[in-house]
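Participant: Those sequence lines, one after another, are chains A and B.
Take the first sequence: its position 7, counted from the start at 1, is 3 in my numbering, and no numbers get skipped.
Positions in the second sequence are counted from 1; adding 3 to them yields my numbering.
Hints listed in this document are in silico derivations from the structure and should not be mistaken for laboratory results.
Fair warning: this is a prediction, and the values are worked out from it, not measured in the lab.
Hints are not guaranteed to be accurate.
[What the hints assert, rightly or not] Derived CB-CB ranges, DEER-like:
hint : chain 1 : residue 1 : chain 2 : residue 2 : range
1    : B       : S70       : A       : G12       : 47 to 57 Å
2    : A       : T100      : B       : Y73       : 42 to 52 Å
3    : B       : I113      : A       : G68       : 43 to 53 Å
4    : A       : V8        : B       : T14       : 32 to 42 Å
5    : A       : R98       : B       : P10       : 24 to 34 Å
[As the list claims (entries may be wrong)] For lysine to aspartate or glutamate, the following DMTMM-like pairs were computed, each having C-alpha atoms within a straight-line distance of at most 20 Å:
hint : chain 1 : residue 1 : chain 2 : residue 2
6    : B       : K84       : B       : E17
7    : A       : K53       : A       : E64
8    : A       : K7        : A       : D20
9    : A       : K7        : B       : E44
10   : B       : K60       : A       : E81
11   : B       : K84       : B       : D55
[Claimed, not checked] Calculated from the model, a selection of chain B residues having no Cβ within reach of chain A, i.e. all distances over 12 Å:
hint : residue
12   : Q5
13   : I7
14   : Q22
15   : E44
16   : P46
17   : D55
18   : L57
19   : K71
20   : Q82
21   : M83
22   : K84
23   : T97
24   : A99
25   : T106
26   : G107
Where a beta carbon is used, it is the ideal one built from N, C-alpha and C, also for glycine.
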Amino acid sequence: GAGVSQSPSNKVTEKGKDVELRCDPISGHTALYWYRQSLGQGLEFLIYFQGNSAPDKSGLPSDRFSAERTGGSVSTLTIQRTQQEDSAVYLCASSSPGQGARETQYFGPGTRLLVL
Amino acid sequence: GQNIDQPTEMTATEGAIVQINCTYQTSGFNGLFWYQQHAGEAPTFLSYNVLDGLEEKGRFSSFLSRSKGYSYLLLKELQMKDSASYLCAVRLLTGANNLFFGTGTRLTVIP
């Protein structure tokens, strides 16, 4: 079936503007993750959704970042009042829990965000 | 805190064998993953280890020693298409079940 998709693939914005990034997980995957990959850095965990449970927001770097997941499927990551340090690739991953520690996350192609 | 160390870059010759090492110090451990990431593309799953020992899958093998906090990814019969970044990631014992990633090793395969 189709993999994880993300849109837009690239986004250029001006400092101070708000941006929305979208993720469509693999059908049937109840777990969804957002990560950020900055140049020369490892992937940084941002937020986790599992089913109808409250999201784990422990990785969000500031209150300018928020995410929601509607209907247990599509997720939107919103960055308000963007700053230049927000420039990075934002990756979404989904997984199907119930496999214990072997649960594998499948990644989308990412959204490359550039804040000017 | 969490820490994962991998070499930043490696170069190897087509047809050869290369070993990419990963050491980790994490506050919890629930398995270690290796992902491959070609430039501009999504990371793709390669292997998973939770018990000590070697897991072999075709040309790729992954080894884990939990007592040493050490893993390696072994690539045999290197092909040009193996040029990519290889990401080592540890699954943490958190409610989020999230992965903690190293910065990755960029492998260049030369003719």
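Participant: All hints are to be evaluated individually against the structure, with a verdict given for each.
Facilitator: Okay, the hints, checked on the actual structure:
Judged by the Cβ atoms, the range 47 to 57 Å given for S70/B and G12/A holds: they are separated by roughly 50 Å. Look at T100/A against Y73/B: about 22 Å separates their beta carbons, and that is not inside 42 to 52 Å. Range check, I113/B to G68/A: about 47 Å between beta-carbon atoms, so the 43 to 53 Å window is met. A hinted range of 32 to 42 Å for the beta carbons of V8/A and T14/B is consistent with their spacing of about 33 Å.
For the pair R98/A and P10/B, the supplied restraint of 24 to 34 Å holds, since their beta-carbon distance comes to about 27 Å. A hinted pair counts as satisfied when its Cα atoms are at most 20 Å apart, and K84/B with E17/B qualifies at roughly 10 Å. Taken as a hint, the K53/A and E64/A pair is honoured in the structure, with Cα atoms around 11 Å apart against an allowance of 20 Å. For a cut-off of 20 Å, the pair hint linking K7/A to D20/A stands: about 17 Å separates their Cα positions.
Straight-line distance between C-alpha atoms of K7/A and E44/B comes to about 16 Å, which keeps the hinted pair within the 20 Å bound. For the hint pairing K60/B with E81/A, the CA-to-CA distance comes to about 39 Å; that exceeds 20 Å, so the pair is violated. For the hint pairing K84/B with D55/B, the CA-to-CA distance comes to about 29 Å; that exceeds 20 Å, so the pair is violated. With a least beta-carbon separation of about 10 Å from chain A, Q5/B fails to lie farther than 12 Å from that chain, contradicting its non-interface assignment.
Here I7/B does not stay apart from chain A, with its beta-carbon only about 7 Å from theirs, under the 12 Å limit. Every CB of chain A lies more than 12 Å from the CB of Q22/B, the least distance being 20 Å, so the non-interface label holds. The claim that E44/B is not at the interface with chain A is violated, since a C-beta of that chain comes within 12 Å of its own (minimum 6 Å). For P46/B, the requirement that its beta carbon stay farther than 12 Å from each beta carbon of chain A is not met, with the minimum near 5 Å.
No Cβ of chain A approaches the Cβ of D55/B within 12 Å, the least distance being about 14 Å, so the stated non-interface status holds. At roughly 17 Å from the closest C-beta of chain A, the C-beta of L57/B stays outside 12 Å, upholding its exclusion from the interface. Non-interface call for K71/B relative to chain A: holds, since the shortest CB-CB distance, roughly 19 Å, exceeds 12 Å. Against chain A, the non-interface label of Q82/B holds: every CB pair exceeds 12 Å, the least being about 22 Å.
Its beta-carbon lying about 22 Å from the closest one in chain A, M83/B satisfies the requirement of being farther than 12 Å from that chain. A cut-off of 12 Å between C-beta atoms confirms that K84/B is not in contact with chain A; the least separation is 18 Å. In this structure T97/B is not separated from chain A by more than 12 Å, as the shortest Cβ-Cβ distance comes to only about 8 Å. At roughly 4 Å, the least C-beta separation between A99/B and chain A is not larger than 12 Å, which violates its mark as non-interface.
With a least CB separation of 4 Å from chain A, T106/B falls inside the 12 Å interface cut-off, contrary to its annotation. Separation of G107/B from chain A is inadequate, the least Cβ-Cβ distance of about 7 Å not exceeding the 12 Å criterion.
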